[in-house]
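Student: Chain residues, written in single-letter form:
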Amino acid sequence: MAELTANQLHTAAHDDHGHMSEEEHNNNMKLGVWLYLASEIVIFSIMIVGYIIFRINEKDIVAQAHEELGVALVTANTFVLLASSFFMVMGLRAMQQGNRAGMLRWIGLTALGGIVFLGGQYIEYSELAHLGIVLGFDTASEWSTFGMRFYAPTFFHGAHVFVGVLWALEVMRRGAKGRYDNNPIGIEMFGLYWHFVDVVWIMLFTLIYLV
Amino acid sequence: MAQAMQHEGEHHSNTVHLLGREITVEGGVYTVVFGGLAVLTVIEVLSAEFLKGAIHDAPEAAATLQAIKAVLLLGIAIIKSSLVIWFYMHLKSEKPLIAIVILLPLLIAGLSIMFLLAIPPGGYGI
Amino acid sequence: MATIAVPLGAQAEQQEAETLRRPALTDYLRWSVDHKIIGVQYGVAAFIFFMVGGAMAMLIRLELWTPDLDVMVSGAAYNSLFTIHGTIMIFLFIIPMWAAFGNFVVPLQLGAKDMAFPWLNAFAFWLIPPAAVVVLLGYFVSPAEAGWTSYPPLSTLFSGDGQTLWALGAHLLGISSIMGSINFIVTIFNMRPPEMTIWRMPLLCWAVLATSIIAVMATPFLAGALTLLLLDRVAGTTFFDAAGGGDVLLWQNIFWFYSHPAVYIMVLPGMGVLSEVLSVHSRKPVFGYRMVGLSSMGIAFVGFTVWAHHMFTSLQPELRIPFMITTMIIAVPTGIKMFSWLGTIWGGKIRFTSAMLFALGFLSLFVIGGISGVMLAALPFDIHVHDTYFVVSHFHFVLFGGSVFAVYAALYHWFPKVTGRMMNERLGRIHFLFTYFGFLFTFFPMHVVGMLGMPRRVAVYVEAFQPWNQLISLAAFVLGFSSLIVIYNVIKSYYHGPIAGANPWRALTLEWQTTSPPPTMNFDDDPIPFEDPYGYGTEASAAYLDAVDEAFSGAAPAKGGGH
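Chains as they are written, first to last, in my numbering: chain A, 2 to 212; chain B, 17 to 142; chain C, 38 to 600.
Chain A with its partners taken away, still in its complex shape (with noise of 0.2 Å):
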């Protein structure tokens, strides 16, 4: 005990959350998760706003763009999204349940359909880059100013996707050892974000795709 630092006690004492109960505890974090979301809220509403005000003014360049795009692509990929998100209640449902085997089984789709949907971005990206779409400015291109405004809000999306299936894995890899068997909030708190995720897919497909 006397070898111990003040700090070290301090950071002993503080880890174990000993001073909270669990559902202090779990109350906490749903909260911050929350109130984290609140805040990505804000930032995709620059990032989409950028896009509607675009579309608004330059009605031409979107409908030959939505054109080149057509739907089913995207709509394909909508759907694995959407799957996802159901898979991902699944999970913690199972888990809820005391199924931690079925848990595993729900957030390993989750994040494969997390995965697909990453490959359907990909070839969309590729195709989009095969007409010459870029994400900069080009004076010699028809898209000059297309590019930028529809990459910027989908990569943004992207890269959560892409956050979301890593967390997917830690969530697998933390419930196969039983972290989630008593509390499964850690699920809880993924959920939250994937569900998020997904939500903001929703509106995008909508506003940049289809409207």
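In case anyone wonders, no lab produced these hints; they're calculated from the structure. Note that beta-carbon positions come from the ideal geometry of N, C-alpha and C, so glycine has one too. Check the hints yourself; a few may be wrong.
[What the hints assert, rightly or not] The list that follows gives simulated cross-link-like pairs (lysine to any residue, SDA-like), each with its CA atoms no further than 20 Å apart: (1) B:K85 with B:K111; (2) B:K68 with A:T76; (3) B:K85 with A:E59; (4) A:K60 with B:E65; (5) B:K68 with B:Q82; (6) B:K111 with A:V63; (7) C:K529 with C:F518; (8) C:K386 with C:D583; (9) B:K68 with A:M204; (10) B:K85 with A:V63; (11) A:K60 with B:H72; (12) B:K111 with A:N27; (13) A:K60 with B:T80; (14) B:K111 with C:N227; (15) B:K108 with A:N27; (16) B:K85 with A:G71; (17) C:K529 with C:S510; (18) B:K85 with A:H67; (19) B:K85 with A:E68; (20) A:K31 with B:P112.
[To be verified] Using C-beta positions, here's what the derived DEER-type ranges look like: (21) B:L127 with C:P354: 16 to 22 Å; (22) C:I362 with B:N30: 55 to 61 Å; (23) B:N30 with A:E128: 38 to 44 Å; (24) A:L170 with C:S179: 38 to 44 Å; (25) A:R174 with C:P354: 55 to 61 Å; (26) B:E42 with C:M328: 53 to 59 Å; (27) C:I366 with A:V117: 49 to 55 Å; (28) A:A160 with B:N30: 52 to 58 Å; (29) B:V41 with A:V117: 20 to 26 Å; (30) A:A102 with C:M328: 24 to 30 Å; (31) B:L127 with C:H423: 57 to 63 Å.
[To be verified] A short list of chain C residues far from chain A (calculated; beta carbon distances all over 12 Å): (32) I97; (33) D278; (34) D284; (35) P482; (36) Y498.
Given chain A, put chains B and C in place with the hints provided.
Tutor: Quick look at chains B and C alone, frame taken from chain A:
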């Protein structure tokens, strides 16, 4: 605590009351919501394609149709988002504080978006 | 622990030091998840940046001593100098400084054992040093020249790579600020003991809550804008470049969506500090407690509707009047606070401690800053003094006369709690006199030169302004010197100040109902909040304070990490 138990039960039950009928399906309310999301997405895509054709065929009514299209599709998107937030993110069983946490940034972001959209194209021409 | 034979005097000294149970100084240099350590880390780091930014201000004043370029090699060098001065003072000093006091005091005032997320708390702090390195590196590589507001096209077409690093650093600081604020909100909502109801919360907690709400809702605007700016600079996009179909005003709008609310991030905690200090040191209840708490929230919300007053000269004319009106409305909740502060000290038993002096300094200077704010809100006047030293004077009155004076008041008020020793009052008063008059003679004449038409952000000016500028520079050097006094005072008092005891000010809020400095888990026994955090002057409160004094005097506190 009793309330919490009730919610737990609701999430875990495979039976859902929908439009006066009882539906039993693995996953209960979650599966039903997923079905709703899928159907709404199909409706959304089909109506978008249909209206796009209509705008193409009737250029004189393009502005009106475009407005109808935007309102309709955004309405469906908002319903879908709300379904996910309400059921999958369990806003349904959270404290009102959480609803405030999510509505406040929407309000602020909405305010800023409305303002930015009000800027006329090509600047103010002062 | 081994006993070492020491002379009697030294032994007494050592015993005295041991009863303080202070963390070792090296603990402050390490990763720690204790909110008390993190609070001090924030405070010291922010103060170091304050000194760096202050040194740059001295250089600016030296340059302005004569109407010609002499200290700086070029106008561009002067541009980058005031850019880095503003950036450091806002992003690296004021915002982290309030995180310092928030971190140390808020959990104690609530009666909580720590913040809600101790690890996240430490992480948010440790983002600041790398961010500062990135920002400062930018200054030495190829400095940003666009001012702290970084308006394009200055920041996109005319600034060096330092601007990219500036944006990256600001991004990191924004993330740190969001994480810290989430932590505060969750702590204040969820970590209060049951007896600490929302209407018993001390006003600093109300202010920190309002500040954190603003930070969580507004800082992402900055993050979004900086992301687009980085893309413009690095990836060749043209979001803010009119030549490429972009819109320069988009930056101004998004930036001020963040930065106007951020003005309140910088000053609201100071207002909370003021309510604490004025009430304690004049032994009177806060006048209109509920209205003061609610006015913090009012400022937070109205603060989101006034941003365009920073753009009166670039905004479409029909929107000027609405923003003029909202800007004047936001003076109302501020006026409520001002009224409450005056009502609080009115007829009180005022003790002119250093903390109280700085609080009174805040009152007098913030009123001037507030009035010049309403003047600037008035459109005809604003267009006349736009981009002159009048504006410089206004925001230094609210940010230095307001925030920095509140920081000093908070320092003198809570130093005994943080270190267990009192600050030297005589040095505190000298510090106050130098700061107050140095400040007044630096920034008040700027009103005059501003109205005479001296533009801001230029190193070369008309010769007729030279006497004014020399007066301002002289006073600024006095102001700069004054901060050396407080550094000396802090170091001296840390080692040799008189032992403070648990409650030197006889204050009723909970942070004083524990030892100074507080034990590992803040309270040895669960604290019992007094029914009213500011109920001074009643017999019940006197009895409560006597009981506290008795509980923490006499018997030396148990050694070691006893909870």
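Student: Hints first: check each against the structure and report whether it holds.
Tutor: Hints versus structure:
1. B:K85 with B:K111: violated (35 Å)
2. B:K68 with A:T76: holds (16 Å)
3. B:K85 with A:E59: This hinted pair holds, its Cα atoms lying about 17 Å apart.
4. A:K60 with B:E65: Judged against 20 Å, a Cα distance of about 17 Å means the pair holds.
5. B:K68 with B:Q82: Judged against 20 Å, a Cα distance of about 8 Å means the pair holds.
6. B:K111 with A:V63: With Cα atoms ~42 Å apart, B:K111 and A:V63 exceed 20 Å; violated.
7. C:K529 with C:F518: The hint holds at about 17 Å.
8. C:K386 with C:D583: Status holds; Cα separation ~18 Å.
9. B:K68 with A:M204: holds (19 Å)
10. B:K85 with A:V63: Status holds; Cα separation ~15 Å.
11. A:K60 with B:H72: holds (13 Å)
12. B:K111 with A:N27: holds (13 Å)
13. A:K60 with B:T80: Since the Cα atoms of A:K60 and B:T80 sit roughly 14 Å apart, the hinted pair holds (cutoff 20 Å).
14. B:K111 with C:N227: holds (12 Å)
15. B:K108 with A:N27: Given that 20 Å is the threshold and the Cα spacing comes to 17 Å, the pair holds.
16. B:K85 with A:G71: Holds, at about 17 Å.
17. C:K529 with C:S510: Distance of about 29 Å is beyond 20 Å: violated.
18. B:K85 with A:H67: Holds, at about 15 Å.
19. B:K85 with A:E68: Holds: B:K85 and A:E68 sit about 17 Å apart, inside 20 Å.
20. A:K31 with B:P112: holds (13 Å)
21. B:L127 with C:P354: 16 to 22 Å: holds (21 Å)
22. C:I362 with B:N30: 55 to 61 Å: holds (57 Å)
23. B:N30 with A:E128: 38 to 44 Å: Because 42 Å falls inside the window, the suggested range holds.
24. A:L170 with C:S179: 38 to 44 Å: Hint holds: Cβ distance 40 Å, inside 38 to 44 Å.
25. A:R174 with C:P354: 55 to 61 Å: holds (60 Å)
26. B:E42 with C:M328: 53 to 59 Å: Check passed, 55 Å falls within 53 to 59 Å.
27. C:I366 with A:V117: 49 to 55 Å: holds (51 Å)
28. A:A160 with B:N30: 52 to 58 Å: violated (37 Å)
29. B:V41 with A:V117: 20 to 26 Å: holds (24 Å)
30. A:A102 with C:M328: 24 to 30 Å: Violated - the Cβ-Cβ distance for A:A102 and C:M328, about 58 Å, lies outside 24 to 30 Å.
31. B:L127 with C:H423: 57 to 63 Å: Taking Cβ atoms as reference, B:L127 and C:H423 lie about 25 Å apart, which means the hint is violated.
32. I97: Non-interface label stands for C:I97: nearest chain A Cβ at 33 Å, farther than 12 Å.
33. D278: violated (7 Å)
34. D284: Given a closest Cβ separation of 8 Å, the condition is violated.
35. P482: Consistent with the label, C:P482 stays out of reach of chain A, its closest Cβ about 40 Å off (over 12 Å).
36. Y498: Answer for C:Y498: holds, closest chain A Cβ roughly 38 Å.
When each numbered hint is compared with the structure, violations occur for hints 1, 6, 17, 28, 30, 31, 33 and 34.
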